[in-house]
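Chains A and B, in that order, are what the protein sequence lines are.
Taken in order, the first sequence gives residues 1 to 469; the numbers are from my numbering.
Taken in order, the second sequence gives residues 1001 to 1320; the numbers are from my numbering.
Rather than coming from a laboratory, the hints here were simulated on the basis of the structure.
Among the hints, a few may not be true.
As the list claims (entries may be wrong) - Residues from chain B that keep clear of chain A, each with C-beta distances beyond 12 angstroms, as calculated:
(1) R1073
(2) D1144
(3) T1156
(4) A1168
(5) D1271
What the hints assert, rightly or not - Covered by chain B, according to a simulated footprint, are these stretches of chain A (three or more residues, beta-carbon under 8 angstroms):
(6) 49-56
(7) 239-252
From the three backbone atoms N, C-alpha and C, an ideal C-beta is built for every residue, glycine too.
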Amino acid sequence: MILKYLFAKNEAIPVGSAAVFFGFSAIVWFMIGTGLGSFNAAKLAFPDFVTGTEMFAFGHMRQVHVLAVIFGWISMAFAMAMMYITPILGNTRLWSEKLGLWNCMMWNISLLLGLSLMWVGVTSGREYSDFPWPLDLAVAAFITIPLAINVWMTIIKRRTQGIYTTNWFFAASTFMLIIVFLVGNLPEYFHLTGLTEAYMTWWFAHNVLGLWITPVAAAIAYYVIPKVTGNPLYSHRIGHLHFWSIVVFYSTPAAHHLMSAPLPEWLKSFASVEGVLILVPAVAFVSNILLTMQGKWNMFVENLEVRFTVVGVLLAIPLNMQGGFQQTRSINWYIHGTGWMVAHAHLALLGFSTFLEAAAVYLGLQTLMKRKLYSLTLGNMHFWLLLIGFSTYWISMTIAGLIQGAGKIYEVPYIDVVIAEHPYMIARWLGGTMVFSSTILWLYNMWMTAREGTVIPAGRMPHELAYER
Amino acid sequence: MNFREYKIGSRMFGMAFALSMSITLLFPSYDLAASVVSEIGLDKQLTSGWDSGWQIKDPWLDGLNKPLKVLVRKDPKTGEPMEPVYAYVYSAGTSLPNGVNHPSNLGHGVEELSVNQGRIKEAKIENGAVFLIKKSDKLLDFEDKPLHYMENATATKGWTPDEVLKQAADSDILHAGAGKTMFVREGCWWCHTLLPEQTQDWQVFGAPPMLGDFNGESPTAFGSDRKGPDLLHVGSRNASKEWMMLHFFNPRLVQPHSIMPRFDYLWGELDADGKKIDFKKWRSEYDEYREGKITTPPDVPMYAKDSEIRNLIDFVVNLK
Chain A
1 MILKYLFAKN EAIPVGSAAV FFGFSAIVWF MIGTGLGSFN AAKLAFPDFV
51 TGTEMFAFGH MRQVHVLAVI FGWISMAFAM AMMYITPILG NTRLWSEKLG
101 LWNCMMWNIS LLLGLSLMWV GVTSGREYSD FPWPLDLAVA AFITIPLAIN
151 VWMTIIKRRT QGIYTTNWFF AASTFMLIIV FLVGNLPEYF HLTGLTEAYM
201 TWWFAHNVLG LWITPVAAAI AYYVIPKVTG NPLYSHRIGH LHFWSIVVFY
251 STPAAHHLMS APLPEWLKSF ASVEGVLILV PAVAFVSNIL LTMQGKWNMF
301 VENLEVRFTV VGVLLAIPLN MQGGFQQTRS INWYIHGTGW MVAHAHLALL
351 GFSTFLEAAA VYLGLQTLMK RKLYSLTLGN MHFWLLLIGF STYWISMTIA
401 GLIQGAGKIY EVPYIDVVIA EHPYMIARWL GGTMVFSSTI LWLYNMWMTA
451 REGTVIPAGR MPHELAYER
Chain B
1001 MNFREYKIGS RMFGMAFALS MSITLLFPSY DLAASVVSEI GLDKQLTSGW
1051 DSGWQIKDPW LDGLNKPLKV LVRKDPKTGE PMEPVYAYVY SAGTSLPNGV
1101 NHPSNLGHGV EELSVNQGRI KEAKIENGAV FLIKKSDKLL DFEDKPLHYM
1151 ENATATKGWT PDEVLKQAAD SDILHAGAGK TMFVREGCWW CHTLLPEQTQ
1201 DWQVFGAPPM LGDFNGESPT AFGSDRKGPD LLHVGSRNAS KEWMMLHFFN
1251 PRLVQPHSIM PRFDYLWGEL DADGKKIDFK KWRSEYDEYR EGKITTPPDV
1301 PMYAKDSEIR NLIDFVVNLK
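Work out the full structure: start from the sequences and follow the hints.
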């Protein structure tokens, strides 16, 4: 439907087409990504479940799950948010809807191609930068650069005097993503080897989270909470503190991912200290958003978007407490490489950031399609399945990780650790499956919103209308 | 367009970002470039060849463009018995290891030895080359450890790849380079690290790697998420190819509680005798064994010499 506008004149394309296309693509990728996650988890709990074929081997599917979620779900939800929030905050239209539509289509095609190749085993063998370099260049050319150009040009062509907090983050993060992506894959273009390759792998993995996923997710909260509650942002100054401390502190601790590799000791110590300083942007962000909620806490219960956003912000508290301290030498030696880290990674991507992106997609699709959410009941079921599923996953993997850490330091034979972890592997699979089922409900709900949601009158916001089902 | 008020901000942003890039990339690069490759590093680099991830010469990660590690027992020129030594055989057309193309990556000392005494610069892709690891009497600058260097035996001794391969028994030829490609492609490193930790792991999993143990290796495939034991020194704990064969075919034959997937599909279609492997029959017999209907599990077929599992097993037992 939206594809028919690919060759239309830019002015002829309805406002928000690119964002809607991105929004639905993101939900579909979320479904694919979590479906693969649930399937993989089943294999860890029941090793003889679908086995003996190369295509369904765990080692072929694990990275497809990770990259489908990061580049499909999270990044596409970000693109969706950027394509409708940036123009709104600049009181203007998106610079080019057409570029946005092409961006989305090429994004889907390259990702589908890249993940299919990865599934059959075409990989660079570097975690998080698993794509071989020709695909890396495709990602840069078709995904990150067009998105950045659209965001920057929309900000430059804005019709407001200042730039709002959300747009600082959008502009800076799209820039940093391009740099991080191109630099992080240097080992593949120039065949850098050995420790340099290992360090650059984790330099990329750290910065893609710290300079892309974390700040953009935070930027969404900076928009959704003031917009829906009607409260102005608590403090512009704290927003400044958040922004600058992200740039300065979050871009430096990459080496803390390799605390047990023979990297220079000064680098590890430096990274560890900078890693604790991640608490500065974290505290600034969480306090700023929660204080913006003053007097409107009823909306935490009544409004779905606010509820998703605030839960995401609340999950940032354990996320950053873990993230700040688990990488110090005194804690890292215990939990490094255990299920604790898997739990932490899911707290970041499935907890903190997914809840914020879901809020952006809910709010954005309703606003752009001018339709009220089809069913609050389905929305609530989505929320609770996601939250309970995620919590089950997080708690069970944290416990499994602590068992594994104990097994590591007390030199327990590894097989006993595997046996002790088994119940938690089953719990993780159940949690993951709940998350996957929630995405099916969500897709149905948003599809029905597009078709049958009550039309929102001109000049009204979605949250001003009552839920009907 | 009112960017004037953001001029200071964007300059500060540029400075902050550039500073953080300098600290995290530029400064460490001096330290990493100063590392001197160790004997272990030379062995890994020469064993795994140019690259073990995606490369143009091996687009589907089939283990192409890889050297062979050969135990030489007889002098390839004269046929006389000699002190056994490992040679790394790069057949004609195989990409040469990183240290040959970029000797500076070998580090100060080893670079000069390899180029001047080892004559590595004379190795040519078109003709192939045979490499050896040589011990020198020179010591590392900051530690009393003798330096090891690469020797191009094709130049110094006249050993050609064909001659070396001809005199070697198949059991003395390790397909460990192609095996590393299997290790990367099959995602072994999603569950097994190649990085014993510096804290306490060495008591169980062996010594943690040192600076210089990785020069020229790509990808390092350290792994980050351990769901099985560390494998960096697994060949020192268990070098039985028979055990590995059973374990890869179905890990639960030797370890009932293992959650490792089966890798029976790496056997390919034919076994060592060229007979078609009947996986369906094997599995139904295995199921009967699990249900207690028969007392012994079915025999695991011996893998063919050119099967993918042979590469992988050679790689794993070579992890000393």
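Status of each hint after checking the structure:
At roughly 31 angstroms from the closest C-beta of chain A, the C-beta of R1073/B stays outside 12 angstroms, upholding its exclusion from the interface. Once the 12 angstroms rule is applied to beta carbons, D1144/B is consistent with being away from chain A; the minimum gap is 19 angstroms. Consistency note on T1156/B: stated as away from chain A, and its beta-carbon is indeed over 12 angstroms from all of that chain's, at 25 angstroms minimum. The non-interface label for A1168/B is consistent with chain A: the shortest C-beta to C-beta separation is roughly 28 angstroms, beyond 12 angstroms.
Taking the minimum C-beta to C-beta distance to chain A, about 16 angstroms, the non-interface status of D1271/B holds against the 12 angstroms cut. Evaluation of the coverage hint for the region 49-56 of chain A: fulfilled, as 4 residues show C-beta separations to chain B shorter than 8 angstroms, against a requirement of three. Residues of the region 239-252 of chain A with a Cβ under 8 angstroms from some Cβ of chain B number 5, which satisfies the need for three, so the listed coverage holds.
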